[in-house]
Every structure is written in structure tokens, then in C-alpha cells.
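Dock chain B against the given chain A, drawing on the hints supplied.
Residue numbers (my numbering), protein chains in the order written: chain A, 12 to 155; chain B, 1372 to 1804.
It is possible that some hints are incorrect.
[To be verified] Derived DSSO-like pairs (lysine-lysine); straight-line CA-CA distance at most 30 angstroms:
{"hint": "1", "chain 1": "A", "residue 1": "Lys33", "chain 2": "B", "residue 2": "Lys1744"}
{"hint": "2", "chain 1": "A", "residue 1": "Lys133", "chain 2": "B", "residue 2": "Lys1777"}
{"hint": "3", "chain 1": "B", "residue 1": "Lys1744", "chain 2": "B", "residue 2": "Lys1777"}
{"hint": "4", "chain 1": "B", "residue 1": "Lys1401", "chain 2": "B", "residue 2": "Lys1469"}
{"hint": "5", "chain 1": "A", "residue 1": "Lys15", "chain 2": "B", "residue 2": "Lys1786"}
{"hint": "6", "chain 1": "A", "residue 1": "Lys65", "chain 2": "B", "residue 2": "Lys1566"}
{"hint": "7", "chain 1": "B", "residue 1": "Lys1786", "chain 2": "B", "residue 2": "Lys1578"}
{"hint": "8", "chain 1": "B", "residue 1": "Lys1761", "chain 2": "A", "residue 2": "Lys15"}
{"hint": "9", "chain 1": "B", "residue 1": "Lys1771", "chain 2": "B", "residue 2": "Lys1744"}
{"hint": "10", "chain 1": "B", "residue 1": "Lys1761", "chain 2": "B", "residue 2": "Lys1597"}
{"hint": "11", "chain 1": "B", "residue 1": "Lys1597", "chain 2": "B", "residue 2": "Lys1786"}
{"hint": "12", "chain 1": "A", "residue 1": "Lys33", "chain 2": "B", "residue 2": "Lys1566"}
{"hint": "13", "chain 1": "A", "residue 1": "Lys15", "chain 2": "B", "residue 2": "Lys1523"}
{"hint": "14", "chain 1": "B", "residue 1": "Lys1786", "chain 2": "A", "residue 2": "Lys65"}
{"hint": "15", "chain 1": "B", "residue 1": "Lys1597", "chain 2": "B", "residue 2": "Lys1566"}
{"hint": "16", "chain 1": "B", "residue 1": "Lys1523", "chain 2": "B", "residue 2": "Lys1389"}
{"hint": "17", "chain 1": "B", "residue 1": "Lys1438", "chain 2": "B", "residue 2": "Lys1401"}
{"hint": "18", "chain 1": "A", "residue 1": "Lys33", "chain 2": "B", "residue 2": "Lys1786"}
It should be emphasised that the hints constitute simulated quantities derived from the structure, not laboratory data.
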Amino acid sequence: MTIKQVSVFLANRPGALNSFTKVLTENGIDMRALSLAETSEFGIARVIVDDPYKTANVIREAGYISNLTDVVAAAIPDVSGGLNSVLNVLTQNDVNIQYMYAFLGGPKSDQAYMIFKVDEPKTASAVLGNAGIRTATQEELSSL
Amino acid sequence: MGHYYQPEIETMSREDLKALQSERLVAQVKHVWENVPCYRAKMEAAGITPDDIRDVTDLRKLPFTTKDDLRENYPDGVRGMPLEDCVRIQSTSGTTGKRVVAYYTLEDIDLWEDCCARAITAAGGTRGDVCQVSYGYGLFTGGPGLNGGSHKVGCLTVPTSSGNTERQIMFIRDLNTTILCCTPSYAAYLGESMKEMGMTPEQIPLKAGIFGAEAWSDEMRRDVEKTLGIEAFDIYGLTELSGPGVSWECSEHNGMHICEDHFIPEIIDPETGEALPDGEVGELVFTAITKKAYPIIRYRTRDLCRITHEPCACGRTHARMSRLLGRTDDMLIIRGVNVFPSQIETVLIQQGYAANYQIVVGRENNTDTLEVKVEMTPEMFTDNVGEITKLQSDLVAGLKSMLGLKAKVTLVEPKSIARSEGKAVRVIDNRKF
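Isolated chain A, as found in the complex:
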């Protein structure tokens, strides 16, 4: 199971992230997770949202450059050693992680979600499934 992350090109200057989140706010988009990667001149905002396709459309219309990236969301109990157990499986299966970030499922949930960008997301999802680690669907994240 893979989900869609929205990746957005932003200039590294004061207010750049603010203008971007303003577009999300004006369009009633709810963010589940946000991760920023930055260099001295530009940044890439990577967001998990309730509606990735709508998000992609509204930010394109607002003039941003973005794409939809397939990522894997491993759903694990929010307990000590949770991330370690996922990484053990990925390591044993030679899955290379490009980057990752995590978020908690919120008050209605005792889940933690680990978002992985890997070379082959479908394979990664399958090896996690075989090891008994559930990967979340877009619907699950949207309904949080």
C-alpha cells in the first residue's frame, strides 16, 4: 500500500512557507504531516494531506511547482522500539531509504505513522506486510 505525498519547491526566504500554507488554508486542506528539506537557497516541503489531488491542483493554480510522490506509511503502535522494528525489516530486505519522517495518529488513535520515501515503494510495502507491519492507505490517513 502506498500513499501520495505532495512535494513543493519553495524559495528559501522569509514568508515562503507562510504563503504556501496560506493557499492550503484558503482551500480548506488539512495537513497530516509536514517535513522540510532545505539548502541555503531553496527548500522542498513534503506534506501528507487529507486530499493530495485537490492539493496538487490548487497549488499549481497558485503558481507553485510540485509533484505527487509515492511514499509508504508504516502504521505501528506508539510504543518504544516501534521505528526500530520497521527499520529492521527494511534493512533485512535491502530497502534503501531516501528520507523519512513520522507523525502520531492524534487523539482518536494510538497509532504512529512512519513515512518512508524509498527507491521501490511497492516492494517496501510488500516486505513490511510479510513481516506483519501494516501500511496505511490514503483513506485511513484522510479520515484521521
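For chain B alone, coordinates are given in the frame of chain A:
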């Protein structure tokens, strides 16, 4: 054939052309001697009289005219005809100083429009074509010149002038415009806008574009041709010489034919003023041998290019000039290296960027700095920082190999570099000496 507007002139033998030029030059020198005191004063200072000018080979005896000479004679010191014979003025943009005011008689305008009609015909234009003139109208020569040329060819002329991009696109689509005349940067902008509106090159009725008034690279040309689905034709001219149409490309796309029956070209070394042979890059100098109200003798254009007198496969015999390789005055000297914006543009387009960029030159610790700002494109974007950093370093390497200089490259958000509907502002030089 039908590919020439004035076949008897455009294809005349070199000998006949030389005889025609000689006859016209002799008459023009007499005309300025008698009617334009500033030219007479220069000739007297050089110790020559009209009797010294017997044919085109004597052209080199005449003193050069510079833009400063024309400015010093503002507003009407160069006027060669009585006011009652003049029917129009056009004027330069004044971007590099005081304006030049050029006068025209009815016949001067007629000859100028002939040159533009030749350009439109060479680009495949004929009766039944719809020619949209998106150059500015008014004091700028672009609009009026091509407007007149388009009438002479018999095209339906759409005088949109510059600006109002939505309206431009509406007319292109609704009137089935086949020929677009504008600056190359505006053509690129129109193409980008139409692409954004979801129009494919097949849906754009244009077949040819006549683009000039700005230096541009072959890469930018290919880009515009692809986006608009057209064949692009370069055109050159300047207000001092009448306007657009002084030279223009034929379907061979191998240089711009100079209307040599009206304008005699020379290439000189900008430092020494010495004549350079065909094929060498130097400053373009023109003598206008037919226009009477604003006669121009050996005018230093500050444009750098090459010329050739080799015959062209299109059958025209008039000399050809290369596209502009820069200007003697927009050349940047950065850490002692000569840099032309067109070189930077070439690298950008080769590497897949849009031709929208800005060059920022500064000075830190007594060393020149060069920064190139270019917009990220949707095609090149990825969610991976490493890949984007690689794009940046590829561009730094490309610029290094083209210029021999290390530049800082900054990728910026789309549309963050101001678009221009006229001449693009490409260079910001913050150095203070």
C-alpha cells in the same frame, strides 16, 4: 517563385548592386554636404569633399557617425529635408540616454515599408495571411514598420501592439493569425502562456514568427519554434536607419539579408575602427543611401556580428549578417572576462530551463561576483534535494565551460523573475567603481 517581394532588386547581380550603391552613395554624400551642417563639418574636418566620393570603395574615407553625434544634434540637427517635406518622426526608447528623433519623408516611409514587406515575404507571408503585429506602435518603429510592410504584402494586418497577453492570444486563436511579429522574449512569453492555457502547438494557427529588436540565441529560437509550432525568422533594424527591415532572414535561416540597395554594411574593429574581412566578428556600421529626411553616414551601431557576401541558396544576392552576438555596450566584463548575456542564455536552454533569467553582477572583497537566477521548471522538479542540487552544479559546470568563470546559480520559484512585455531586463549590475 513568388518568394521575393522585389525580385529584380533582391536577386540583382553583385556588379549591378555595386553600381546602384555607388550612384546612390555619391548622391547621398552630396545631399548631406549641402543640407546637413553637422555632416559637412565632419567631412571638412577630415579634409574631404563630395568630389572625393566616386563609388562605394570611397566609403571608408567618410568619418563615422556615433550615437552621441545624433544625440548632440537633438532634436533636428540631422534633418536633411525641409520641414514641409517631412511627414513623420519615430524615436528611440532612450534606454541608454537621450532620445534620437528620426525624420521621414513620404518616400522614406515607402522605402522602409518595402524592406519590411521583403521580410514578411521571405518568411512565407502572402495575400491571405493574417499578420499580427505585437510590436509596440507609436514612437517605437517596430509596430509602424511591420504594419506598413504587412499592408504592402497584402496580409490582413492585426495591429494589436504590445501587451495585453490575453487579448493577443484571443486574436491569434479567433482570427487564425498565421504570422506573429514581436520581440523574441515576448514570443516566448506568449508561448508559455498558451501552453499554460492548455493549447498545443497543433492548436495554434501560427506558421511563422518575425522576431527582432533583441539579441537571442539559437536555443531560444528552437524553444519558441517548438512551443508555438512555427518557423521563426529573425529581423533586424534600428530607428536611426528607419526601423525593422534593415535585414531579415530568408527560409535558409543562414543569416539576415541586408537590404543593400538602401543600406551599405561594414564590419569594423570596435577598438581601432579598421575594416574587418567577411566572417570576422566586429561592430556593424551602416550607411543609409536612400533616405533623405534623416540621412545616416557610417553609423556605428554598437552591434557585434559577422557578415558574408557569399551567395545564398534562396537566390538573393544581398549580403547576410549573422544574428547579433552582443553589443559593444552590453558586454559585461567580469573578472576581466568578456561575458554576453546570450552566452548564459545558451547554457540555460541547453540544460532545459526556460529563457527567463536574470544575471546579477556584484563586487565583494574587490572581486566581481556573478549570479545567475533561473526559474525552476515543473519538468525538472523532484522531491529529492540531492537531484536538484545536482541540477544546480550541472548548470555551474555548463556556465564555467561556456564563460570560463564560476557563477553562483540560484533556482527560484516560477514567475518570480519579472516578465517583460517589451525588452527584457536581463542584467543587474550592482558594481560601483
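Hints, one by one, checked against the model:
For the given pair, A/Lys33 sits about 26 angstroms from B/Lys1744 by alpha-carbon distance, which is consistent with the 30 angstroms threshold. This hinted pair does not check out: A/Lys133 and B/Lys1777 have alpha carbons roughly 42 angstroms apart, beyond 30 angstroms. For the suggested pair B/Lys1744 and B/Lys1777, the alpha carbons sit about 14 angstroms apart, so the restraint of at most 30 angstroms is met. Between B/Lys1401 and B/Lys1469, the direct Cα distance comes to roughly 29 angstroms. Compliance with the 30 angstroms bound is thereby established for this hinted pair.
Simply put, A/Lys15 and B/Lys1786 have alpha-carbon atoms about 26 angstroms apart, close enough for the 30 angstroms limit, and the pair holds. For the suggested pair A/Lys65 and B/Lys1566, the alpha carbons sit about 21 angstroms apart, so the restraint of at most 30 angstroms is met. For the hint linking B/Lys1786 to B/Lys1578, the alpha-carbon distance of about 28 angstroms falls within 30 angstroms, and the restraint holds. Distance restraint check for B/Lys1761 and A/Lys15: the Cα-Cα separation of roughly 25 angstroms lies within the 30 angstroms cut-off, and the hinted pair is therefore satisfied.
Distance hint between B/Lys1771 and B/Lys1744 is fulfilled; the C-alpha atoms sit about 15 angstroms from each other, no more than 30 angstroms. Distance hint between B/Lys1761 and B/Lys1597 is fulfilled; the C-alpha atoms sit about 27 angstroms from each other, no more than 30 angstroms. Distance hint between B/Lys1597 and B/Lys1786 is fulfilled; the C-alpha atoms sit about 21 angstroms from each other, no more than 30 angstroms. Between A/Lys33 and B/Lys1566 the CA atoms are separated by roughly 27 angstroms; this keeps the pair inside 30 angstroms, and the hint holds.
With a CA separation close to 59 angstroms, the supplied pair A/Lys15 and B/Lys1523 exceeds the 30 angstroms bound. Restraint check: the Cα-Cα separation between B/Lys1786 and A/Lys65 comes to about 22 angstroms, which is no more than 30 angstroms; the hinted pair holds. The hinted pair formed by B/Lys1597 and B/Lys1566 meets the criterion: a straight-line CA distance of about 11 angstroms does not exceed 30 angstroms. Straight-line distance between C-alpha atoms of B/Lys1523 and B/Lys1389 comes to about 27 angstroms, which keeps the hinted pair within the 30 angstroms bound.
Pair hint B/Lys1438 plus B/Lys1401 holds up; C-alpha atoms about 22 angstroms apart against a cutoff of 30 angstroms. For the given pair, A/Lys33 sits about 18 angstroms from B/Lys1786 by alpha-carbon distance, which is consistent with the 30 angstroms threshold.
Hints 2 and 13, counting from the list given before, are not met by this structure.
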